[in-house]
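Given the coordinates of chain A, work out where chains B, C and D should sit on it, guided by the hints.
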Amino acid sequence: MREALRQNRNVVIVGLIGLGIFALLPLFGLSGFAYRTLTSMFLLIVTAQGWNLIGGYTGYAAFGNVAFFGLGAYATGILMYRHGWSFLPTILVGGLVAAGYAALIGLPVLRLRGHYFAIATLGVAEATREIVAWWTPVTDGAAGISLPFLKPITLAQNFFYYLALGMVIFGAFLTWFIIRRKLGYSWIAIRADEDAAKMLGINTTVSKVIAYALTAFLVGIAGSVYAYYNSFIAPEEVFKIDRTLQAILAVVLGGAGTIAGPIAGGVLFQLVSTFLIFSKPFGIDLGQFHVTIMGIFIVLVIIFTPRGVIDLVTRSAREARRVHADQAGGRRSTWTFLKDGARATRLILAQNRQQFKI
Amino acid sequence: MSRHLLRSVSIGVILALLIVACQPAAAPSGNQPSGQASDCKITFGAAVSLTGKTAKEGGYVKDGYELYKDEINKAGGFKVGDKQCLIDIKYYDDASDPDTSAQLTEKLVTEDKVDLLLGPYGTNPTFSASAVAEKYEIPMIEGGGAGVKIFDRGYKYIFGTLPAAPFYLRSVIDAVLAKDSSVKTVAILVENDGFSQEVATGAEEYAKEKGLEVVYKEQYPSNTQDVSSLITAVKAKNPDMILGAGHAADAILIMKGLKDQKVNAKAYAFSVGPTSPDFRKTLEKDADFVLGIGPWTEAMKFQGTDVFGTPQKFADMMRAKYGEENYKTVPYQAASAAAALLAYQKAIEAAGSTDPKAVREQLAQLDLQSFYGTIKFSPEGIIVKPMGVVQLNPDGKLYTVYPADAANGEFLYPAKAWDQR
Amino acid sequence: MSGILIGQSAINVLLLSGVLTIAALGFSIVWGVMNIINLVHGAAIMLGAYVTFIAFTFAGIDPFLTIPISMVLLFGLGYLIQRNIINYVMRAPMLTTFLLTFGLEIIIINLAQFFFKSDLRAITTGYSGSSLTLYADPAANSSIEVPYIKLGALIVALLLTLLTHLLMSRTRLGRAIRSTGMDKDAAQLTGARISTIYALTFAISAGLAGAAGSLIAMTQSFQPGFGGTYTLYAFVIVVLGGLGSVPAVFLGALAFSLITVLTGLWQPGLTQAAAFALLVIMLVVRPSGIAGKAFYQ
Amino acid sequence: MSHNEIILTTERAGKTFGGLAAVSKVDLTLRRGDVIGLIGPNGAGKTTFVNIITGMLPISAGKVTYRGQDITGWPAYRVARLGIARTFQVVKPFRNMTVRENVAVGAMYGAGGARRSTREALRRADEVLEFVGLLDQRERHAEQLTLAWLKRLELAKALAMEPEVLFLDEVMAGLNPKEIEAAMDLVRQINQRGITLLIIEHVMKAIIGVCQNVFVLHYGQKLAEGRPEEVLRDPKVIEAYLGKKYAEQLEARDAEN
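Just so you know, the sequences run in chain order A, B, C and D.
According to this note's numbering, the stretch in the first sequence is residues 2 to 359, in order.
According to this note's numbering, the stretch in the second sequence is residues 27 to 447, in order.
According to this note's numbering, the stretch in the third sequence is residues 108 to 404, in order.
According to this note's numbering, the stretch in the fourth sequence is residues 929 to 1185, in order.
One chain only, chain A, in its complex shape:
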């Protein structure tokens, strides 16, 4: 995985260009809707980057990350609403509360593997939601907490946009920083073979708990920002399982265990789901079928590109380049390159489809 990244400097270049575009985009004037769509997308990416640490790199399929999102949101909500804190420090508290909670539940839960770990984390998240909903004196219970919003509008839009974008960069940087270090190696080793990792001297418990806590930190700060951004939080909304699933989908779409994966997947997921609500392809109103089509999209992606779109694109490009280089000089043109690329993509898709078949 790490080496796939090294070989594809292109991915990094594309990423930096994309970052530049996103950083400059507001200068060309965005509608409030575009601001919101992109800000939500960044927050989704951050939760995806969080999941990627435990799920992508360490190989522990956590299904309860929404608990951290909710705790982050509630930390901000309670501190701002009850204790009059200003917003920015609550982000840190939100992240730390989530990380602490992850460390606490991680100690027992990370002893489990596979499905059992997945279900245990799911259970923890559900139980956390119910407790927050029930614990009215502290959380205001199911009724939720309302927060004032930042004014004026343009300031708020840019503030949240760049804050969220900054968090995406932070998430990517954090990931990059760690995976080149011993800790990162230990995660990838654990994912490949936990017993072998132990025998090489890796304290897998510590590695996993750190991974889980960092995951929770990223997801928690996303939750914190969400709380203030949305100005309203309620248990059934901030602890919704769908949030975990969306983050996982984003990671899988882009490519698990890569830095660019959650970003590419988050962009793709948000664009597709937003597009489906509004678009009327060929004048056909998708109407209430937009959710169904999202489901079909998920199924197709899982069957055809289980390693994510980045893997698909880079492999296709590599293959096309190889074929291209073999061809006689006369036929080398952009057009033939694209054609080769398309053929390679088709082939890879067909291979992927058969890959896990019985």
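Careful: at least some of the hints might be erroneous.
[To be verified] Pairs of lysine to any residue, SDA-like flavour, derived with a Cα cap of 25 Å:
{"#": "1", "chain 1": "B", "residue 1": "LYS263", "chain 2": "C", "residue 2": "ASN248"}
{"#": "2", "chain 1": "B", "residue 1": "LYS243", "chain 2": "C", "residue 2": "LEU112"}
{"#": "3", "chain 1": "D", "residue 1": "LYS1150", "chain 2": "D", "residue 2": "GLU933"}
{"#": "4", "chain 1": "B", "residue 1": "LYS307", "chain 2": "B", "residue 2": "ASN419"}
[Unchecked claim] Negatives, chain D to chain A, calculated, CB over 12 Å:
{"#": "5", "residue": "PHE945"}
{"#": "6", "residue": "ASN970"}
{"#": "7", "residue": "GLY971"}
{"#": "8", "residue": "ARG995"}
{"#": "9", "residue": "ASP1054"}
{"#": "10", "residue": "PHE1059"}
{"#": "11", "residue": "LEU1103"}
{"#": "12", "residue": "ASP1113"}
{"#": "13", "residue": "HIS1130"}
{"#": "14", "residue": "ASN1141"}
{"#": "15", "residue": "HIS1146"}
{"#": "16", "residue": "TYR1147"}
{"#": "17", "residue": "ALA1152"}
{"#": "18", "residue": "ARG1161"}
{"#": "19", "residue": "ASP1162"}
[Stated by the list, open to error] Here are a few chain C residues that sit away from chain B, every Cβ distance over 12 Å (derived from the structure):
{"#": "20", "residue": "ASN142"}
{"#": "21", "residue": "PRO200"}
{"#": "22", "residue": "LEU265"}
{"#": "23", "residue": "SER302"}
{"#": "24", "residue": "LEU361"}
No lab work stands behind these hints, which were simulated from the structure alone.
Keep in mind it's a predicted model, so treat the numbers as computed, not measured.
Where a beta carbon is used, it is the ideal one built from N, C-alpha and C, also for glycine.
Here is chains B, C and D on its own, set in the frame of chain A:
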């Protein structure tokens, strides 16, 4: 060369995707009455749930909006200054999701440039959507969220045509006490969501105020599939009155459970459920005697100068437009939705423009007699309106039984015991 | 706590556990044999409920007699889904199958919403709501009641559980399924066609989900989205009971019902939190469940 | 190198699985520089024995001492960091890493790991890879290697940890005679570097070729111990271990005739 190529292709793809995402993908389309000449057009925006958890109620809300739109356009639209303006409504489906609701409201305001906003259905989506409306200082009248917390945030542009949640079950207590002052004990079953909590707390406080003893009040989780142990616990308390604050599915589950365990109370009432057609359809005879509440029922005797005039007329028009089968009883959500547009009509006509601030000022001082009764908002923006009590009569119909001046049927009390039916 | 309260609660536990066993049984088999967390399960339960609803409302068939119909229809659907979709990810990591079934669930629920609308549905027969009074204390206005329809559902559920147990332990098909679950490569050597076995396993699971849907349709109202909660319950039940055998599912359902009913009496707002807390504790302390084994039997 | 210093001992070490004893009351002493062969029929408890010494499995009874320190029941990673390394019978490469990264993990976390940076670990990996003859494969992904290469990779990962004691669990199984020769050569070289070796092996030629002493386990208990030639002539051992093989050979011969 190929590396360079890949790079340019990637940039192109990203740009293309961004353009798709950030631009309106399709021209706003609505059902414009064609061929009819009009001076101007007023566009409303609404993100309602057409799929997801509250698709059903979202559908009622949309139907209410649509009926009003059709009728007012037939009548020539709104009179703004000296112009006649037809109205149009742009809808999106928020899939019952508050995040989507906020995103769509943002789109309606900043891209579709609608003049004014209508609310979604459900307390949580309303929270999110109303925050966007307030941010842009565009009025939003919503007929689908009654949580008091929506209105105690100091917002100025949000108005609600449903009475505040804590008032929901009060009229039931009044109605029962008016009939039988010997009633002593109440049990309250509460779903664990914000709206139901407010309803239950309001009912509990009021019951105590009236000298009743609340012998049982417990929360149950949303999406619960089994309430048998709650019923067992309630039965042990032997209450005179059983109140439920939750959603229609829970109300049905509780009624089935009460019958299963032969729990006999003198009155059963639910905040949500009895007025929805599904309640009678699913419970059939077991729905008899159950009390429901509504800010509006078709039996109420209101009179207005609007396109509907009376509740009965509104109900008949709903049935004519959407079919007898679908609207055996017309749920109040449809009426409160239509009332939202009616409130806009009067405010816009008074303001002489659709300027958000001017409309907001007019809404704040609105005092209007209509098919929906008096439409008048409190300083917080929520309608001030007594709740009517309805009862499912063994003859299969739904009668309004309280207050007396709106009643069109006899309040059957106490409810017959299960084994005597 | 009075005797009547205890008695009624015991009845509640029993009645609840019957339906939950059937609801979790198919989920457990697919998990144990195919190593898949099948999120489509809840959607299959939902479809079963609609089969019963339609057969009862439009053809007037007694809901108990619709059970075979929904089992057969869901069996067929399950077979097709496994053959044409899930089979492509049988060797994929767990996450892949999880997300795939998640996507499928979205599709099925939203299509159901389109065809059946999101109206609440329920089945009310002549005998709905009538119950057998086991003990009555007229003075205190209290009694212990056993609703006939739930009693019937319990009997059907126990019968189906027994049949499934026999199918898995006594028949050639059951043996083939079990050996496939234990070691798919070894099973291949014995001549079993793995893909067929998997398709049949999935179909059996869907058929059981269909039966669960029919039973649930008789006792509560439903709309297209209601199945997800049962998938979640199935998770908890399978973990509590332990993966690997039919009786374990029954034990798990019993344990789950006990927690639900007990917390329902004291602090109903925390029923799910209690169930999940127990789940996590169970996983950590005894991952194999109350009666779990490594494979299906 | 002193042949007298005791480096690792087990005293009455035992492991039970649900009441069944897989290993019981095994006493073993390893001296610095030893090359000991651990043999026994399949299911004799050889791998389990290694697992309880290295902390892979919790030990049920007895005591493990390493350089005078009681390490009974220590978790695997602490045992590994002390300088006890092992390979796995079923190879366990990190498939999602390159060969070089695989080995670097050993260098990062093994006995010498704490003082090494990632970069130094990668450099150390190159040294080890050169030693085992895998240097030209270092950029390949582990999943692309053949079994013989994978066995070497196992060895390289363990060596990168700078162990003092190394357990080799059937590193030669599945290799062809030429590869076995090479592997034996490698084992001798490792030993020359001062590393104490305990080798589980079914390839008798290798045992005889490299081991000073052989230790025989049977039904989880020590059956015999001594010089390879003597032990392999011991009737008890032949009956328990080789006897089965001879019987199979005889059977095969009968079938042919």
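Now the hints, each set against the structure:
{"no.": "1", "hint": "B:LYS263 x C:ASN248", "in the structure": "holds (10 Å)"}
{"no.": "2", "hint": "B:LYS243 x C:LEU112", "in the structure": "holds (18 Å)"}
{"no.": "3", "hint": "D:LYS1150 x D:GLU933", "in the structure": "holds (22 Å)"}
{"no.": "4", "hint": "B:LYS307 x B:ASN419", "in the structure": "holds (13 Å)"}
{"no.": "5", "hint": "PHE945", "in the structure": "holds (17 Å)"}
{"no.": "6", "hint": "ASN970", "in the structure": "holds (21 Å)"}
{"no.": "7", "hint": "GLY971", "in the structure": "holds (20 Å)"}
{"no.": "8", "hint": "ARG995", "in the structure": "holds (17 Å)"}
{"no.": "9", "hint": "ASP1054", "in the structure": "holds (15 Å)"}
{"no.": "10", "hint": "PHE1059", "in the structure": "holds (17 Å)"}
{"no.": "11", "hint": "LEU1103", "in the structure": "holds (20 Å)"}
{"no.": "12", "hint": "ASP1113", "in the structure": "holds (25 Å)"}
{"no.": "13", "hint": "HIS1130", "in the structure": "holds (21 Å)"}
{"no.": "14", "hint": "ASN1141", "in the structure": "holds (24 Å)"}
{"no.": "15", "hint": "HIS1146", "in the structure": "holds (26 Å)"}
{"no.": "16", "hint": "TYR1147", "in the structure": "holds (25 Å)"}
{"no.": "17", "hint": "ALA1152", "in the structure": "holds (29 Å)"}
{"no.": "18", "hint": "ARG1161", "in the structure": "holds (35 Å)"}
{"no.": "19", "hint": "ASP1162", "in the structure": "holds (33 Å)"}
{"no.": "20", "hint": "ASN142", "in the structure": "holds (27 Å)"}
{"no.": "21", "hint": "PRO200", "in the structure": "holds (28 Å)"}
{"no.": "22", "hint": "LEU265", "in the structure": "holds (18 Å)"}
{"no.": "23", "hint": "SER302", "in the structure": "holds (35 Å)"}
{"no.": "24", "hint": "LEU361", "in the structure": "holds (14 Å)"}
When each numbered hint is compared with the structure, no violation occurs for any of them.
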